[in-house]
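Sequence lines, in order, name chains A and B. Just so you know, we're using the numbering used here here: the first sequence kicks off at 166 and counts up by one. Just so you know, we're using the numbering used here here: the second sequence kicks off at 6 and counts up by one.
Any given hint might turn out to be false.
[To be verified] Label pairs and their calculated CB-CB ranges:
#1 257/A - 253/B: 51 to 57 Å
#2 132/B - 353/A: 32 to 38 Å
#3 351/A - 296/B: 49 to 55 Å
#4 199/B - 351/A: 21 to 27 Å
#5 564/A - 243/B: 50 to 56 Å
#6 306/A - 360/B: 49 to 55 Å
#7 262/B - 439/A: 51 to 57 Å
#8 616/A - 132/B: 41 to 47 Å
#9 306/A - 296/B: 43 to 49 Å
#10 257/A - 242/B: 24 to 30 Å
[As the list claims (entries may be wrong)] Listed next, the in silico SDA-like pairs over lysine to any residue satisfying Cα-Cα at most 25 Å (straight line):
#11 378/A - 111/B
#12 532/A - 283/B
#13 406/A - 43/B
#14 532/A - 214/A
#15 532/A - 310/B
#16 422/A - 408/A
#17 406/A - 88/B
#18 667/A - 695/A
#19 406/A - 83/B
#20 532/A - 44/B
#21 422/A - 496/A
#22 378/A - 157/B
#23 532/A - 284/B
#24 667/A - 607/A
#25 378/A - 110/B
#26 406/A - 45/B
#27 422/A - 111/B
#28 740/A - 695/A
#29 378/A - 156/B
#30 406/A - 110/B
#31 532/A - 45/B
#32 406/A - 86/B
#33 738/A - 692/A
#34 378/A - 133/B
#35 406/A - 44/B
#36 406/A - 111/B
Worth flagging that the hints you see were computed from the coordinates, not collected in a lab. Glycine residues also receive a C-beta, built at the ideal position from the N, C-alpha and C atoms.
What follows is each chain in one-letter form.
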Amino acid sequence: MFTNEKTLIEFCAKRGRVTIAEYIVFAMVLSSHLTFAQVTDPSLVGQWSTVQSFPYMPAHTHVMYNGVVLFWPTFDVGNNPQLWNPSTNGVTAATFAPYNIFCAGHSFLANGKLLVTGGQDPTGNGLPNASIYDPISGTWTQLPDMNQGRWYPTNTTLANGDVLVVSGQIDPSIGNDALPQVWQAGSNTWRNLTTAQLTQPLYPSMFLLPNGKVFNAGPSQTTRSLDTTGTGAWTFVAYSKYGSRDYGPAVMYQPGKIILIGGGGPTNTAETIDMNAASPAWSYAAPMTYPRRQANATILPDGTIFVSGGSSGSAFDDETAPVYPTELWNPLTNTWTTLASVAVYRGYHSTSVLLPDGRVMEGGGEKTGATYQIFSPPYLFHGTRPTISSTPSGGLSYGQTFFVGTPSASSIGSVTLLGLDSTTHTFDQNQRFNQLAFTQTTGGLNVISPANANLAPPGYYMLFIISSTGVPSVAAIVQLAPGSSRPATPSNLSAAAASGSKINLRWTDNSNNESGFSIERSVNTSSNFTQIATVGAGVTNYADSGLTVSTFYYYRVRAFNASGNSAYSNTAKAKTLAH
Amino acid sequence: MRRSIANLNLSTALAVLLMAASHAAAGSYNVVDLGALPGGSTTGRAINLAGDIVGSSGAPQSGISRAFFWSSRQGVRSLGVLAGGDYSDAFAINHPGQVTGSSNTANGVHAFFWSPVSGFRDVGTLAGDASSRGFGINDSGQVVGYSSGAAGVRAFVWSSRTGMQSLGTLGGNDSEAYAVNNAGQIVGISSASNGKRAFLWTSGTGMQDLGVLAGDTASRALSINARGMIVGSSFGPAGGHAVLWNNGTIQNLGTLGGNFSVARGVNNAGQVVGESAISLGPRAFLWTSAQGMQDLNSFIPASLGIVLTAALSINDNGQIVAIGATVADPAHAVDLDDPHHPGPTHAFLLTPAGATLGQR
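The shape of chain B in the complex, shown without the other chains:
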């Protein structure tokens, strides 16, 4: 069965469909505001092929944050917190709808694994450690993140079958893993003798330094697709730039005009999303090899009163989860120079207009 955006149940009180029908340009998007848990602020971080989205919602500046799961049928719902905890975040969702993130406990923070079947589960830590966080999950249910203890901070991979194992570092004192694909390739950041470096870890090669753009001093990888394409950022005196690592080469994806951009998600078509600073502040972008970097705000009607400040994830249907602000928000008379600060952050699902969506 194929499902189009027109078939989505939009009756949930929290989901507001803002149709972009008047925008005739190719590549325009239908926009759905995901809504929010009490507190009014939502950051959507990851989207799977079914269009389910996870992230954090609440009033994060107040210490109220709950990992959430959003679906078109049920809207935003809280995944809760671990026992004794008071703060949780969801960072990734896989094809079967399993989720990872982190939740405070009474005296620390632990990575969690959530599934519709098993519910909320504490992933634990590396042996002897005190805390952990989960940032990535693949379709096998492998979770990656970091574990922290007296010995330092270590990137880990976890599965319910094998438990948690350390991925080591690039020679420094700490590492953090942010994404894993279905081949078990893992990316993240590690300290090395020459600074902070994006890494790629595979079971065969271990942890490898992905390098930086010429002249830069640090880098970070946030996402990897099934083809092994990796996106993130390279930082240096000239600012930061969204980058794509592909087949051993690093490519500068440019900016929307300033000297600062970050790539946050990549799908299997090689489409990349992130944000780039312009004179009016941060703006969400979509990058393709054919079109280069484009401001996603140019694909939604200005009449919606929305400013998309960052795009965090894109699935293979081209659906994007982005964050931003609404100008008309009564709780935040947003200044367009400053769309995401300080008031409620809105999370939006962007679905290509007229798209025929594949199923999960």
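So that you can see chain A by itself, here it is in the shape it has in the complex:
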């Protein structure tokens, strides 16, 4: 066996002379071997855990803001929701839903609860029911019924926290529900988009766009956008290239930019559209190496898209042609990289979700059953992970600069905000990616939240800081608050010793709606802050007295009002004088 180029050189030296043909054959053998070596190196291709078992198949899977994963299985046992804690690997039964939630739609609300729409009645037809699951109390609350039954509907959480629900089959006599409805969170009522009736395929791929409209990217080749205001209106956008891509994932990889992956025939093609363009049009992206249908696509913290599972066979759920290798799409380079292979076929009714720790859980599938594997992407083998030591305790408003504490500030190359996954049938109804602007500051980063709720609807998100070498932190869960009127974050905090017992603080007031500022202090360390005082609105200085001589004091401030607190300012420190 030849393990490296040195081996080739040694071989040539021993032979004294080789022909070109010998060299080419030799190089091919060596290349083949190197390829094999890459497959096993987790820093290049990642690493899957062993196959483990769940009590039920994860066919509908949701990462909740408390870090617990809610999932439920299929068909007549569909109403067996389970709670999996990735930290402990423990699984417990969740409270039964009021009806069978198999084949429902789902997305998260501004308060972190899960809105579940439709389901399956005992004859396999759509249910008109809707319910909310509370991750904290573990209870279901039933809502007013929708207009008709919906089996395979799609939820889309809108910028104001309401939720659009489209499609779903009523029954074989009436076909699919053509009426889009908006669940209005404030009034717990349904608003019917009666001027936007359209027969959509089941589980259509719907995305909230930066302009506030909702885009139907597939699986139909005819793509349209929906204005959800008033009674609604559709607008034709463009025809996608390949044709129908049933059971091929669609992902909005950046705001307004969508990729369709595989599906259909199956195909290895992918295509993208930029809905931010003046005249959006579909164009082919680089193809995957492997055709696949029934695959899952998961946005990773760095904005790449991880595609796993699926079948290259022609049958609907073809376990005779499983695609074991996984692939990663880089939207910046439009390239695919083959990563480590799954151990078992993941097809129809399999799901995958990004965990807050940066790993991916993939499990289920009718042909494989109630098992799962966890994938550790290559970035988890690239050295020390940055850590997040603090994030704002309250919700963030839009366009807000907020402080993220980290001892790794100087090494951070990017900050990203990802939606909590809520996925089924190859489509994640809550997946979302935002890259956030940031600057380094003392003890952390000043990060700017998304400019508006079209980019990231109100709710809970995974906040990752990523090193300049591409290693992500474990996510901090942050909330973008609906209609938040929290004050803006103060900045430019400075601390200067005035004596052995007194330090003067000054900061910049960036808010026009604060009730005041709270001042926090710690001694000899930049952690374990406690509040020492509050001052009124518009005040931008404070004298901290009664201190100990020759001691380091650390400070931070934040503004507050009735809606809550701003993020913290930068941290400032000063040492009291010796006398």
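Guided by the hints, dock chain B onto chain A, whose structure is given.
Chain B only, in chain A's frame:
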């Protein structure tokens, strides 16, 4: 001329005749798989006296659905879509072979009327509305369905001569009409102050609430025959039950054993078809006043490898259009616990064995 099943031309590549000759029981059926348009899935919804069938075929989970017309001579053929559209469904066919359904346009969905003479025609909407769907048609060519716009969703009746008129509601914000008989009686569903209710509309009385079974909270009517017999479902905390409204009374048609059944079609003999859930999933049923509810699967040989999950329509010859799955389908290794999900749906024509069929 009378025509028997033995005279049907079965040479079409898409129609596969699966003879039930080995099944000697009275009431057994000859079974024809209607075949499919590209995409492989077919839902047959309505059958007329000639045995012509309409419905939808394609790959509906992919967004590919075309209204189809099936005849024994020509098999499944697409009726197409309206201009700019990408998705169509056929829901009803009358004695002359006229069809109604709905088709997407570029930015909405519209009811259509199709006939062998006029072809595909957009029925339009109520004045000022944006969209519509057609679900029922009688032998006069009257189409019923709903029209939807800023004012809400309204059941309508349409004819080429009079255009479209609203049927109103039971007092709520929306109504949908699903069937019309030759007397112009129309049934469907409407919201009312007390929930969703099946309705009967006549030109003389307007829209009337058909009520629910005792203890139930909602109902829906899907079909009406020439005698005014109406079938549908009544829903409540205990599940849903197939019901028959006849002469002002509501009758629970029961189930095949579970707590859920739906009635979808009724012919002039009062035979009712639909589906009912059993422990193995949904099963197509035939209900008669004499025999009650019976599993249609018991009238076809198990050797056919077919599971009938729902029966949607029955004509006066007793021919039934049903949907289900074939166990041997290479594209769907069907689990008998789950026959219609997720793979291709098959539509079947069930003709009573030895029947002498009346002509159109």
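Hint-by-hint comparison with the structure:
Between residue 257/A and residue 253/B the beta carbon distance is about 53 Å. The supplied range of 51 to 57 Å therefore holds. At about 33 Å, the beta-carbon gap between residue 132/B and residue 353/A stays in the expected band of 32 to 38 Å. Between residue 351/A and residue 296/B the beta carbons are some 53 Å apart, a value that agrees with the proposed interval 49 to 55 Å. Take residue 199/B and residue 351/A: their Cβ atoms lie about 26 Å apart, and the range 21 to 27 Å holds.
For the hinted restraint 50 to 56 Å between residue 564/A and residue 243/B, the CB-CB distance of approximately 53 Å keeps it satisfied. Take residue 306/A and residue 360/B: their Cβ atoms lie about 53 Å apart, and the range 49 to 55 Å holds. A hinted range of 51 to 57 Å holds for the C-beta pair residue 262/B and residue 439/A, which are about 55 Å apart. In this structure the supplied range 41 to 47 Å holds for residue 616/A paired with residue 132/B, their Cβ-Cβ distance being about 43 Å.
The beta-carbon spacing between residue 306/A and residue 296/B, approximately 44 Å, falls within the hinted interval of 43 to 49 Å. A beta carbon spacing of about 28 Å between residue 257/A and residue 242/B agrees with the range 24 to 30 Å that was offered as a hint. For the suggested pair residue 378/A and residue 111/B, the alpha carbons sit about 17 Å apart, so the restraint of at most 25 Å is met. Between the alpha carbons of residue 532/A and residue 283/B the distance comes to roughly 24 Å, so the proposed pair stays at or under 25 Å and holds.
Only pairs whose Cα atoms come within 25 Å are accepted, and residue 406/A paired with residue 43/B is accepted, the gap being roughly 19 Å. Taken as a hint, the residue 532/A and residue 214/A pair is honoured in the structure, with Cα atoms around 20 Å apart against an allowance of 25 Å. Distance check on the hinted pair: residue 532/A and residue 310/B sit about 21 Å apart at the alpha-carbon level, within 25 Å; holds. The hinted pair formed by residue 422/A and residue 408/A meets the criterion: a straight-line CA distance of about 19 Å does not exceed 25 Å.
Restraint check for residue 406/A and residue 88/B: the C-alpha separation of about 20 Å stays at or below 25 Å, so the hint holds. A threshold of 25 Å between alpha carbons decides the hint, and for residue 667/A with residue 695/A the separation of about 17 Å falls inside it, so the pair holds. Distance check on the hinted pair: residue 406/A and residue 83/B sit about 23 Å apart at the alpha-carbon level, within 25 Å; holds. Proximity of residue 532/A to residue 44/B is assessed by CA-CA distance (about 22 Å); at most 25 Å being required, the pair is judged to hold.
Between residue 422/A and residue 496/A the CA atoms are separated by roughly 10 Å; this keeps the pair inside 25 Å, and the hint holds. For the suggested pair residue 378/A and residue 157/B, the alpha carbons sit about 22 Å apart, so the restraint of at most 25 Å is met. A C-alpha spacing of about 21 Å is found between residue 532/A and residue 284/B, which places the hinted pair at or below 25 Å, so the restraint holds. This hinted pair checks out: residue 667/A and residue 607/A have alpha carbons roughly 22 Å apart, not beyond 25 Å.
Distance check on the hinted pair: residue 378/A and residue 110/B sit about 20 Å apart at the alpha-carbon level, within 25 Å; holds. For the hint linking residue 406/A to residue 45/B, the alpha-carbon distance of about 22 Å falls within 25 Å, and the restraint holds. The suggested pairing of residue 422/A with residue 111/B holds, with an alpha-carbon distance near 23 Å, which does not exceed 25 Å. The hinted pair formed by residue 740/A and residue 695/A meets the criterion: a straight-line CA distance of about 18 Å does not exceed 25 Å.
Distance restraint check for residue 378/A and residue 156/B: the Cα-Cα separation of roughly 22 Å lies within the 25 Å cut-off, and the hinted pair is therefore satisfied. Our distance criterion of 25 Å between C-alpha atoms is met by residue 406/A and residue 110/B, whose separation comes to about 20 Å. The straight-line distance between the Cα atoms of residue 532/A and residue 45/B is roughly 21 Å, inside the 25 Å bound, and the hint therefore holds. Our distance criterion of 25 Å between C-alpha atoms is met by residue 406/A and residue 86/B, whose separation comes to about 20 Å.
For the given pair, residue 738/A sits about 12 Å from residue 692/A by alpha-carbon distance, which is consistent with the 25 Å threshold. The hinted pair formed by residue 378/A and residue 133/B meets the criterion: a straight-line CA distance of about 24 Å does not exceed 25 Å. Between residue 406/A and residue 44/B the CA atoms are separated by roughly 18 Å; this keeps the pair inside 25 Å, and the hint holds. With a C-alpha separation of about 17 Å, the suggested pair residue 406/A and residue 111/B falls inside the 25 Å cut-off, and the hint holds.
Violated hints: none; the structure is consistent with every hint.
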